[in-house]
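**Student:** These protein sequence lines map, in sequence, to chains A and B. All residue numbers for the first sequence refer to the working numbering, where the first residue is 1 and numbers rise by one. All residue numbers for the second sequence refer to the working numbering, where the first residue is 1 and numbers rise by one.
Hints listed in this document are in silico derivations from the structure and should not be mistaken for laboratory results. Glycine included, every Cβ here is placed at the ideal spot set by N, Cα and C. Please note that the accuracy of each hint is not assured.
[Unchecked claim] Dumping the calculated DSS-like pairs for lysine-lysine here, alpha-carbon to alpha-carbon at most 27 Å:
no., chain 1, residue 1, chain 2, residue 2
1, A, LYS13, B, LYS263
2, A, LYS147, A, LYS135
3, A, LYS178, B, LYS184
4, A, LYS197, A, LYS152
5, A, LYS13, B, LYS184
6, A, LYS208, A, LYS197
[Unchecked claim] One side of the interface only, derived from the structure: several residues of chain A facing chain B at Cβ under 7 Å:
no., residue
7, HIS12
8, LEU22
9, MET40
10, PRO41
11, TYR101
12, GLN104
13, LYS152
14, ILE155
15, ASP156
16, ARG160
17, LEU163
18, ILE169
19, ILE179
20, GLN181
21, GLN185
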Amino acid sequence: MIDKPNLPVAPHKYQWLFSICLVVSLVIGSEWYWRTQGFMPRVVDSDMLWSIQRNRVYGDSTIVIVGSSRAQVGIDPEIMRLEYPGYKIVQLAKIGLPAFYTLQDLANDPNFTGIILYSAVVSFLANEFYRRDQKYLVDYYHREFFKFRNLKERIDTHVRVFLQNYLAILSQDLVLKKIVQWNLQNRQLTPNYYILKANRYRPVYYSKMPPESVERIRNRKIAALTPNPKRANNRRQRIFQENISQDLSHLYIHLRQRGGKLVFIRMPTSGPHWSQDTITYPEWAYWNKITEWTGISTIHFRDYPELLKYECPDTSHLDASDVPEFTRALGRIIRTKLK
Amino acid sequence: MLFNSSTFIIFFCIVLIISRCIGSWTVRKGFLLVVSYIFYAAWNPPLVMLLWVSTIADWFCAQRIHTAPTKRIRKLILLISLGINLGLLGFFKYSGFLMDNFVYLMNLLQIEFSPASPNIILPMGISFYTFQTLSYTIDIYRGRSKPWPSFLDYALYVTFFPQLVAGPIVRAAQFLPQCAEQNKATSDQISWGLTLLVIGLFSKVVIADGLTAPIVEQVYDSGKVPGMYHVWVATCVFSIQLFCDFAGYSTCAIGAALCLGFKLPVNFRYPYAAIGFSDFWRRWHITLSSWLRDYVYFALGGSRRRGYARTYINQMITMLLAGLWHGAAWTYVLFGGLHGFYITVERVLKGYLGHYSVWRLWPMRIFFMLLTYAGFVLSLPVFRSHDVSQAFTIITSMIGLHPLSFQSEPILYDHQVRIGIFCTAGILISHYLMRNSSLEEAFSRIHWSIRGVAVAVLAYLTLISYYTGEDRAFIYFQF
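Bound-form chain A, shown alone (with noise of 0.2 Å):
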């Protein structure tokens, strides 16, 4: 037998009643603090987080954002939802990756009857190696989501997301060793400004952001520009050819076929970033061609004054401030469009 150790004794329901008020006291009081320290609440993104959102995908009332970091920096779900009531936004965009094998998974997917926009980038599309890039987040989804030992993943990510949603303590910024680290190294922790929230929309807050550090972003952002751009060449157009009256035609008539929708929506980039854009890849030979071959609505910024006042101070990605006013006018022009 064991021996029976000596348990504390205590009036316990004191004990453990002050000790839950004054962990909720931590919290409230450090969330406080972090908060006027400019500190935001930020989930951290995961391949289970994008799968929980592609699973919701299903009925007829959906609306799938399908993109690279534009659509998941300057399309806000929730203003979205009130632009739609009634309908279902799933944000499946994702930072730094083209779309294309998201897009070919919901168009080939017999029970998905919802409506796809898709913020397509031309130099994605006239690019024969765009076609994979999240081609692991599909594949995760569709192997390891519904798999009962992942269950537990399932359930931890939903509680763990629904906590870091609403608490910035929780937020990898404020990391107990960065905390110790930045303390002893007598430095203060900057906030981040690039956040992400539960329904994975991504705000970039470039308008709290010191001027110095957007100037920095930017130029990061303007370096990284082919610095020669070349003219539209033949090789470009036929591989954006072939993907947009290929393989989109394709894709489109299935999704068609079982009711659902699809509109190409071109984001705004501004600057050096837009200028490089109209010489390399010209509207009347790249985007103007895609309703042309295919039959698919699109959405250029550059058609609509209410999408073209924005100024993306990275030359790439909205303002955060700017994302409801532009989501709400996207919202009525895609009713429009899909009348």
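With chain A fixed as given, assemble chain B onto it according to the hints.
**Tutor:** Then chain B, alone, in the frame of chain A:
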């Protein structure tokens, strides 16, 4: 399912509430058995069948051993039980290792042999529950206990979820009598059980995962040869990570079991305050070392037969098996061998040093404690390294024999060194102060309000560290 997950917290709350609502003791045990299978199946459902095989086989073997008419038949049935349990353990845990060594041997003999990769999943906790079921049959074979009359109790003993996947390794005699009578946790037990859960999770999430793991990974996974100073810091920090990880799990297990009305044996008793390696193994993973002592060391003859040489050989065999129990790799065998060597040297030295009162003075005790800890730290590179050659590189760097011991570029940042030293010193001092005490005693001495503050601070730090940090499995899960 890991203790350090939201899923477990939800699961445990549901289990605790339902089990307290069930009035019938038999139904409650049945309920605990079912949820234990769900707990295990959450990782890989088909492997629950292995648990069933082990449970049923040992249950019947034990019954037959008890009723067998002759000693020969008893021995035969015991061998069947050993064959089933060790066969499963060997197949799932050691077959890949044996095959790799066989291939290596063939290649050495210039014989080309390249078998298909076996691709065998190591069932979680197999080393733990195999040892539990084995102890049951061996005890009955030795006549130390009788077969337990209730299969439900026995199945719960093998499967009880708090200790199922990473111990403590509970003996039947410790667990089964608790099943005999109505066993509802008192408010003292629930309160202390929850406190232990908070302490265990704090050890794991904040100290092991949050503060120490990144430092260790930076040195051991960098692929560079670390300098002497940084490798000592990282290895001392690894000793803290390992302790907080494993002792954290055991503390959670004991706490969770206590909330459900079951007492599990203590698995760690401030091991870094050990004076000598015999003492160390009486404080570190106590349930494994006592299992090996009772079922391997004593079975080999212990220290009673055929003089010193045989005792040393028995010690070495036991420690080599302890090493191999940890994992199917030569590094673990070396780890066990090194500890066998330490214990042997200690035994020899004890004979020469004699029992003088000077050894009991506190400066000498601290000196021997630090010497023991340094010896343990020196054995850790073989435990943590990816292979024997990395372990060799790191140990040679630690003792200053590697050409880059004093020249290599720093791998750790200053703040990491400071965090590492702070954590190491904190744990060593707390172990020294608590050496002859227990958590229960320490907590009993303080006022409930201070206890409440301590629990709240630990819970708060665990909460923020868990949701901001990376998920890391318990180190001992792989064993």
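**Student:** Taking the hints in turn, state whether each one holds.
**Tutor:** Each hint, compared with the structure:
Taken as a hint, the A:LYS13 and B:LYS263 pair is honoured in the structure, with Cα atoms around 22 Å apart against an allowance of 27 Å. Simply put, A:LYS147 and A:LYS135 have alpha-carbon atoms about 19 Å apart, close enough for the 27 Å limit, and the pair holds. About 43 Å separates the Cα atoms of A:LYS178 and B:LYS184, which puts this hinted pair outside 27 Å; it is violated. Distance check on the hinted pair: A:LYS197 and A:LYS152 sit about 22 Å apart at the alpha-carbon level, within 27 Å; holds.
Annotation: proposed proximity of A:LYS13 to B:LYS184 holds, straight-line Cα distance about 18 Å (limit 27 Å). At roughly 17 Å between alpha-carbon atoms, A:LYS208 and A:LYS197 fall within 27 Å of each other, so this suggested pair holds. Contact between A:HIS12 and chain B, as hinted, is supported at the beta carbon level, the nearest pair being about 4 Å apart and thus within 7 Å. Because the smallest distance between the Cβ of A:LEU22 and any Cβ of chain B comes to about 4 Å, under 7 Å, the interface hint for this residue holds.
A hinted interface residue such as A:MET40 counts as satisfied when its beta carbon comes closer than 7 Å to some beta carbon of chain B; here the least separation is about 14 Å, so the hint is violated. A cut of 7 Å between beta carbons decides the hint on A:PRO41: the least distance to chain B is about 11 Å, and the hint is violated. Interface restraint check: A:TYR101 against chain B, minimum CB-CB distance 27 Å, threshold 7 Å, status violated. Given the 7 Å rule on beta carbons, the hint for A:GLN104 is violated: about 31 Å separates it from the nearest Cβ of chain B.
Taking 7 Å as the C-beta contact cut-off toward chain B, the hint placing A:LYS152 at the interface holds, the least distance being around 4 Å. Interface hint at A:ILE155: satisfied, since its Cβ lies 5 Å from the closest Cβ of chain B, which is below the 7 Å cut-off. With a least beta-carbon distance of about 5 Å to chain B, the hint placing A:ASP156 at the interface is held under the 7 Å criterion. Below 7 Å, beta-carbon pairs count as interface contacts, and A:ARG160 has one with chain B at about 6 Å; its hint therefore holds.
Hint status for A:LEU163: holds, given a least beta-carbon distance of 6 Å to chain B, under 7 Å. Look at A:ILE169: its Cβ gets to within about 5 Å of chain B, closer than 7 Å, so that hint holds up. Checking A:ILE179 against chain B: minimum C-beta separation of about 9 Å lies over 7 Å; hint violated. Interface hint status for A:GLN181: upheld, as the beta-carbon distance to the closest one in chain B is roughly 5 Å, under 7 Å.
Hint status for A:GLN185 relative to chain B: holds, with the closest Cβ pair at about 6 Å, below 7 Å.
Violated hints, listed in ascending order, are 3, 9, 10, 11, 12, 19; each of the other numbered hints is respected by the structure.
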